[in-house]
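Undergrad: Each chain, written out:
Protein chains: 2
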Amino acid sequence: MKRRVFLTTTALTTASILAGCKREESSKYRVNINKKRKVEIKLSTSWPANFPIMGEGVNRFAKKVNLASDGEIEIKVYPKNILVPALGVFDACSSGQIDAFHSGPYYWKGKNPAFSLFGGFPFGFISNEMGAWMHFGGGLELWRELYAKYNLYPLLGGNTDVQMGGWFRKEIKSLKDLKGLKMRIPGLGGEVVAKLGVNPVLLPAGEIYTALERGTIDATEWVGPALDIRMGFYKVAKYYYSGFHEPGSVLELTFNKKFWDSLSKDHQNIITSCANELNSTMVFDFQAQNAKALKELKKKDVILKNWPDEIIKEAKKALFMVIEEQSKKSEDFKRVWKNIEPFWKANRDWTSLGLKNYLNMR
Amino acid sequence: MKRRVFLTTTALTTASILAGCKREESSKYRVNINKKRKVEIKLSTSWPANFPIMGEGVNRFAKKVNLASDGEIEIKVYPKNILVPALGVFDACSSGQIDAFHSGPYYWKGKNPAFSLFGGFPFGFISNEMGAWMHFGGGLELWRELYAKYNLYPLLGGNTDVQMGGWFRKEIKSLKDLKGLKMRIPGLGGEVVAKLGVNPVLLPAGEIYTALERGTIDATEWVGPALDIRMGFYKVAKYYYSGFHEPGSVLELTFNKKFWDSLSKDHQNIITSCANELNSTMVFDFQAQNAKALKELKKKDVILKNWPDEIIKEAKKALFMVIEEQSKKSEDFKRVWKNIEPFWKANRDWTSLGLKNYLNMR
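Chains as they are written, first to last, in the numbering used here: chain A, 1 to 362; chain B, 1 to 362.
Errors might be hidden in some of the hints.
When chains are identical, the list treats them as one kind, so a pair holds in a single copy or across two.
[Said to hold, decoys possible] When the alpha-carbon atoms are kept at most 30 Å apart in a straight line, the in silico BS3-like pairs for lysine-lysine are as follows:
| id | residue 1 | residue 2 |
| --- | --- | --- |
| 1 | 257 | 63 |
| 2 | 195 | 258 |
| 3 | 298 | 76 |
| 4 | 238 | 182 |
| 5 | 356 | 305 |
| 6 | 292 | 356 |
| 7 | 173 | 292 |
| 8 | 195 | 76 |
| 9 | 295 | 345 |
| 10 | 356 | 298 |
| 11 | 298 | 317 |
| 12 | 299 | 316 |
| 13 | 235 | 179 |
| 14 | 292 | 334 |
| 15 | 292 | 235 |
| 16 | 356 | 295 |
| 17 | 299 | 313 |
| 18 | 317 | 292 |
| 19 | 345 | 292 |
| 20 | 182 | 356 |
| 21 | 295 | 317 |
| 22 | 38 | 149 |
| 23 | 338 | 356 |
| 24 | 329 | 111 |
| 25 | 356 | 235 |
| 26 | 299 | 338 |
| 27 | 42 | 63 |
These are computed hints drawn from the structure, not numbers from a lab.
Based on the sequences and whatever the hints tell you, model everything.
TA: So this is what it looks like as structure tokens:
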């Protein structure tokens with residue numbers, strides 16, 4: 001009997017250890033000792049469900065994270081207004097109501113004026129320069145330091161690439177034509193054109209088309225060909241201007257910091273690498289879809305325009321006035337700008353010599 | 001004694017199972033039932049050890065993959081000429097002597113002329129357009145189909161971004177000045193300038209400086225400010241031209257296909273996402289370091305130049321002649337070019353309207 005007891009006990013002991021190891025079908029060799037490795041992440045976006053490029057990008061990111069983690073990390077993506085309002089995601093994530101969000105840092109300038117700089121600025125970084133500043137110029141460190149005060153941890157989560165200047169009902173031939181013009185334009189861009197006499201208006205996305213059609217506003221900016229064509233603006237405003245106000249707007253994948261810190265190192269790394277992947281594939285997607293949409297727009301009698309020199313010149317002056325004002329109001333803004341300025345100047349020089357000269361030759 | 005034997009045996013059995021499960025310190029909850037999840041990848045590069053930006057990028061990638069896989073995947077990076085010669089990596093990986101390599105597809109045009117197109121072409125894609133074509137225009141599928149014939153599976157593994165046109169001992173004022181000029185310039189760029197009368201020369205990296213100093217060659221291209229300044233060319237050739245011959249050269253992370261197919265889905269996904277991450281962070285690194293190096297070069301009396309219009313015009317004609325010749329020689333080249341051409345035209349239009357107009361305003 002002793003022999004039998006021995007065998008039984010051994011078998012039980014082994015079985016209970018193996019039960020603890022619990023083999024999962026999806027994985028050839030891995031077993032989890034318990035279910036604690038399963039992580040579910042509630043992520044809200046500021047976009048409607050399956051919003052082209054931006055929303056689709058977040059869905060792609062969630063799927064990639066799930067595959068790379070062998071099913072351990074499940075990110076549930078909630079479009080705007082399901083768990084929290086579109087622009088309530090910052091506060092909801094800060095408080096822990098949601099674990100993460102996808103949005104744009106320029107929406108939070110009311111919290112801290114410096115946040116708008118992490119999103120980009122008029123005449124500022126193009127997407128690859130922004131990536132250079134974030135990863136190799138100290139940008140990410142600064143951003144994380146300032147967000148930590150809100151219990152938040154940001155990752156780069158995409159970029160719109162160069163945006164178009166917007167749709168105008170009438171041609172803009174000189175500075176004079178901007179005086180009193182009512183235009184839907186948010187952020188630092190709005191503050192800059194306000195100094196040129198434009199009257200910046202804020203309108204929810206669903207109301208812009210009708211306002212433009214009726215002449216309640218004279219102009220609107222949105223993003224670029226791919227998203228603008230879906231809004232139908234070309235039907236009611238024929239003049240489409242190249243842009244200087246949002247040359248590479250950052251989208252963020254931001255986490256509740258306590259939640260982030262509770263994740264294992266490998267999970268943090270999977271999420272970070274997949275976010276960096278999304279950051280560039282979203283730019284590629286914008287590139288491909290903008291090119292396609294521009295071909296369509298050209299069939300619709302859109303008149304493509306560039307800004308008159310005097311407007312560009314005045315807008316640059318206005319930018320420095322806005323930066324000076326903001327720097328006086330906010331120590332953080334001043335500090336971030338001081339970090340950005342030399343990097344911006346050096347990178348502008350290189351981009352002019354390399355990329356700009358190339359594009360002008362091509 | 002039987003009791004003692006029982007305990008000892010149980011202890012041993014349990015111990016051996018736990019040894020199989022082998023808890024790792026870095027992971028809070030995971031255990032591995034055996035060591036089969038451990039994957040070691042032998043990866044050779046075409047670069048010297050810790051080569052700036054490109055080699056450093058591969059090291060960063062290897063570390064990221066290790067972290068994201070919780071130590072399961074270990075990529076051993078071998079610089080050129082350790083396991084195989086710099087340009088022996090393609091064959092060595094194809095045969096399974098190594099598992100993977102980091103290099104550039106334009107080196108393999110001798111295997112198949114079409115391969116050079118996956119690396120870029122004169123007046124072709126900038127890095128974000130290349131990403132757009134690869135991910136959203138069918139490029140990756142075509143590339144993988146053609147590499148599969150060599151038992152290879154390619155991933156995007158970086159991009160040099162716009163390269164400079166090179167260093168010239170004398171100013172180039174007209175087409176006439178190019179006739180008979182001896183220049184170190186490889187690839188499709190070399191074939192294009194050959195049609196303008198340049199005599200393209202191939203030289204190992206270590207011999208270029210001396211050849212340029214002695215006047216054995218009249219000019220050389222390399223990459224951009226960050227890598228060029230280290231080569232010291234500015235000391236012996238003062239004229240530094242903006243470039244059109246390599247506007248966004250692709251670097252590849254390519255795997256032996258049988259080895260790739262043997263990896264678990266989650267490991268494949270970790271490697272793919274980390275490669276896509278590297279693909280963009282390398283561009284950011286080039287951007288930041290080129291900007292820094294250009295500031296230094298400006299202190300060294302370098303004369304920055306742009307090409308005369310007649311040279312640009314003739315070079316474009318030459319490009320189409322080269323493409324026609326290659327298309328006649330190779331069905332694969334013809335097929336890949338047919339896929340590229342409409343995408344290139346549409347994306348060039350959008351990039352001109354958005355990015356080029358912006359850079360000219362900035």
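Undergrad: Taking the hints in turn, state whether each one holds.
TA: Each hint tested on the structure:
1. Taking the shortest alpha-carbon separations for residue 257 and residue 63, both the intra-copy value of 22 Å and the inter-copy value of 24 Å come in at or below 30 Å.
2. Taking identical chains as interchangeable, the C-alpha atoms of residue 195 and residue 258 are never at most 30 Å apart, the minima being 41 Å within one chain and 62 Å between chains.
3. Taking identical chains as interchangeable, the C-alpha atoms of residue 298 and residue 76 are never at most 30 Å apart, the minima being 39 Å within one chain and 51 Å between chains.
4. Proximity of residue 238 to residue 182 under the C-alpha cut-off of 30 Å is restricted to the intra-copy arrangement: shortest distance 16 Å within a copy versus 52 Å between copies.
5. In this assembly of identical chains, the alpha carbons of residue 356 and residue 305 lie at most 30 Å apart whether taken from the same copy (19 Å) or from different copies (13 Å).
6. For the homomeric pair residue 292 and residue 356, the shortest alpha-carbon distances inside one copy (23 Å) and between copies (17 Å) are both at most 30 Å.
7. Taking CA atoms no more than 30 Å apart as the test, residue 173 paired with residue 292 passes inside one copy only; the shortest distance there is 29 Å, against 39 Å between copies.
8. Neither within a single protomer nor between protomers do residue 195 and residue 76 lie at most 30 Å apart by alpha-carbon distance, with minima of 43 Å and 57 Å respectively.
9. In the homo-oligomer, the alpha carbons of residue 295 and residue 345 lie at most 30 Å apart only across protomers (10 Å), although the nearest pairing inside one protomer, at 34 Å, exceeds that limit.
10. When the C-alpha separation of residue 356 and residue 298 is checked against a cutoff of 30 Å, the pair qualifies both within a copy, at 24 Å, and between copies, at 18 Å.
11. Within a single copy, residue 298 and residue 317 get their C-alpha atoms only as close as 33 Å, which misses the 30 Å cut-off; across copies the closest is 27 Å, which meets it.
12. Taking identical chains as interchangeable, the C-alpha atoms of residue 299 and residue 316 lie at most 30 Å apart only when they sit on different chains, with a minimum of 28 Å there against 33 Å within one chain.
13. Proximity of residue 235 to residue 179 under the C-alpha cut-off of 30 Å is restricted to the intra-copy arrangement: shortest distance 24 Å within a copy versus 54 Å between copies.
14. With identical chains, the CA atoms of residue 292 and residue 334 are at most 30 Å apart between copies only, with a shortest distance of 23 Å across copies and 40 Å within one.
15. For the homomeric pair residue 292 and residue 235, the shortest alpha-carbon distance inside one copy (18 Å) is at most 30 Å, but the shortest distance between copies (46 Å) is not.
16. Proximity of residue 356 to residue 295 under the C-alpha cut-off of 30 Å is found in both arrangements, the shortest distances being 23 Å within a copy and 17 Å between copies.
17. In this assembly of identical chains, the alpha carbons of residue 299 and residue 313 lie at most 30 Å apart only when taken from different copies (29 Å versus 32 Å within one copy).
18. Taking identical chains as interchangeable, the C-alpha atoms of residue 317 and residue 292 lie at most 30 Å apart only when they sit on different chains, with a minimum of 26 Å there against 35 Å within one chain.
19. In this assembly of identical chains, the alpha carbons of residue 345 and residue 292 lie at most 30 Å apart only when taken from different copies (10 Å versus 33 Å within one copy).
20. Taking identical chains as interchangeable, the C-alpha atoms of residue 182 and residue 356 lie at most 30 Å apart only when they sit on different chains, with a minimum of 27 Å there against 33 Å within one chain.
21. In this homomeric assembly, residue 295 and residue 317 come within 30 Å of each other (Cα to Cα) only across copies, at 25 Å, whereas the closest approach inside a single copy is 34 Å.
22. In this homomeric assembly, residue 38 and residue 149 come within 30 Å of each other (Cα to Cα) only inside a single copy, at 28 Å, whereas the closest approach across copies is 40 Å.
23. With identical chains, the CA atoms of residue 338 and residue 356 are at most 30 Å apart both within one copy (25 Å) and between copies (27 Å).
24. When the C-alpha separation of residue 329 and residue 111 is checked against a cutoff of 30 Å, the pair qualifies only within one copy, where the shortest distance is 13 Å, while the shortest distance between copies is 62 Å.
25. Proximity of residue 356 to residue 235 under the C-alpha cut-off of 30 Å is restricted to the inter-copy arrangement: shortest distance 26 Å between copies versus 32 Å within a copy.
26. For the homomeric pair residue 299 and residue 338, the shortest alpha-carbon distance between copies (24 Å) is at most 30 Å, but the shortest distance inside one copy (45 Å) is not.
27. For the identical chains of this complex, residue 42 and residue 63 are neighbours both inside a copy (14 Å) and across copies (28 Å), given an alpha-carbon limit of 30 Å.
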